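Spelled out from the first residue to the last, the chains are:
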Amino acid sequence: MTTGAAGAWAGASAIATEVRSGGRSAASVVEEHLAAIAVLDGELHAFLTVLADQARADAAAVDAAVAAGEDPGPLAGVPVALKDNLCTRGVPTTCSSRILEHWRPPYDATVVGRLRAAGAVVVGKTNLDEFAMGSSTENSAFGPTRNPYDLARVPGGSSGGSAVAVAAGLAALALGSDTGGSIRQPASFCGVVGMKPTYGTVSRYGLVAFASSLDQIGPFARSVADAALLHDVVAGHDPMDSTSLDRPAPATAAAAAGEGVEGLRIGLLAEFVEDVDPSVAGAVRAGAEALAAAGASVEEVSVPQLHFGLPAYYLIAPAEASSNLARYDGVRYGLRVDAPDVEAMNRATREAGFGPEVKRRIMLGTYALSAGYYDAYYGQAQKVRTLIIAAFDDAYRRFDALIGATAPSTAFPIGAKVDDPLQMYLSDVCTIPSNLAGHPAMSVPFGADAGGLPIGVQVLAPALGEATMLRVAGALEVAAPALAAPALAAPGAGATR
Amino acid sequence: MDDARRLTREDAAYVARLARLELTEEELDTYADQLAAVLEHAAQVAALDTGGVVPTAHPLPLENVLRPDEPRPSLDRDEVLAAAPAVEDRRFRVPRVLGESP
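So the sequence lines, in the order shown, correspond to chains A and B. Each residue of the first sequence is one higher than the one before, counting from 1 in my numbering. Each residue of the second sequence is one higher than the one before, counting from 1 in my numbering.
Each hint should be verified, as a subset may be incorrect.
[Stated by the list, open to error] Here are some chain B residues pointing at chain A (derived, C-beta under 7 Å): (1) 6; (2) 51; (3) 87.
[To be verified] Rough simulated footprint, nothing fancy, chain A against chain B, three-plus residues with beta-carbon under 8 Å: (4) 31–41; (5) 66–72; (6) 88–97.
Just so you know, these hints were derived from the structure itself, not from any lab. This structure is a prediction, so every number in the text was calculated from the model and none was measured. Where is the CB? At the ideal position from N, CA and C, for every residue including glycine.
Just chain A, same shape as in the assembly (with noise of 0.2 Å):
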């Protein structure tokens, strides 16, 4: 693609700092990335919906309010790609599933106002797992997303439209949720930073419940400081959620500004390295030298409860989500199959509305709180968890951040684990111990393996420790190694990394 513009894949603060200051249109801004999905989309499938008038209009309002000498916020202006799991209002909100096809909310996520106060223009709803019960993003009813560093591979899941948005500059930053691992490993896959926020630091108000008590709103971005920027203006306080932290989040984007990591003492997670691909292993093991090189202490460390986070989620995970996928009965909203009376009409909805993946998860929930099981298996699960949180607790004793692979592997073929739930599973297995506790971690693209595909090196850090996570994964983003743009992606790709 020869239009020169590499205005599409400039960073989130740059378009920001020039809208802002009246050097460059919102509505130019616009433009260019809705061209750019209007090429790319097709093959790469990132978006369900592209709000094309709603962010034309949104980004001449905030043209309207620069010409007006006011400042429209921090985001002035940036497109942003929201996980389609994340309610907007009047606008379809499908979570990829059937059950949910033809919904329009009837109001907003907190997130979503608080995009659209900080003057940011959302240019779409972003494909997903259903109901972000997935790791490939295969899991839609509305068909896969592609990798844009090979479209016969997965992005990786299950906030794979977002990943690929941002990978591919169709949207400079983006929102995803995490779960079990579902912003940190597609971001992995796609070459882009993820981050998972501290449990309770970003309002869940809006966000269709999958596991209330792992499910996390983090962004999506090209670098660290503009992932640390998206994650300050969502961040905060929110009455409408009952989780949420009634303190002040952590400011993030001063930390990502560069305090170095002298003197941080980094752990590398042994279970994180050892059972890995020798080409992530790599990638681990060289951003560990890089810390230490920057001034860090780096040693490693063995935190082998870590094992146990990945059968304990796949239980508590699902039964959480049985019970919060019982609210689909068709009487309220979405999909209704007529039957005779409410319970078959209730069954026939559930059986013709929700996906493979979907079912399988109710059924695995539903049967780990069942009568005469919950013991061995929920209650378990959730001592389990008690012992992951201790065994952290531990490590944090002795360090200030934690590092590892994000995931066991590079992007998988389309169709490689579709069959097999259980080694679908197994791709979370790095991720899935911070959402058990509720911490912070994020993935920084460090390097690619021999095939080219991008590989992830995750920063974790101990509840609320996003500060001291950002400076890790700023010098690890200084120190990677120049990673070549997507095969698919807008004109300009390649410009500024």
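Could you slot chain B onto chain A? The hints should help.
Below, chain B without anything else, positioned relative to chain A:
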């Protein structure tokens, strides 16, 4: 828990009824096998010695959140009802709940 116990097709049918899922015969076979495999993996958790360990239901210490009981705007009723599959007299309409089976 009995280690030899494997999830059966009958178990799957029972769980499907609890979960209000009208599964096909083919789905029951598939899910019985797949759930058994996942539960076998989960058995490593079931086998752990967790004597004296307190369960964690939530990463935050949860407390009741109170607010003043003051009237304030709620979701717009017409907008909410517009999303319902069936409505009558500004209420959700459902098929028969009680009475004889057809």
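Hint check:
| no. | hint | in the structure |
| --- | --- | --- |
| 1 | 6 | violated, 12 Å |
| 2 | 51 | violated, 9 Å |
| 3 | 87 | violated, 10 Å |
| 4 | 31–41 | holds (count 7) |
| 5 | 66–72 | violated (count 1) |
| 6 | 88–97 | holds (count 5) |
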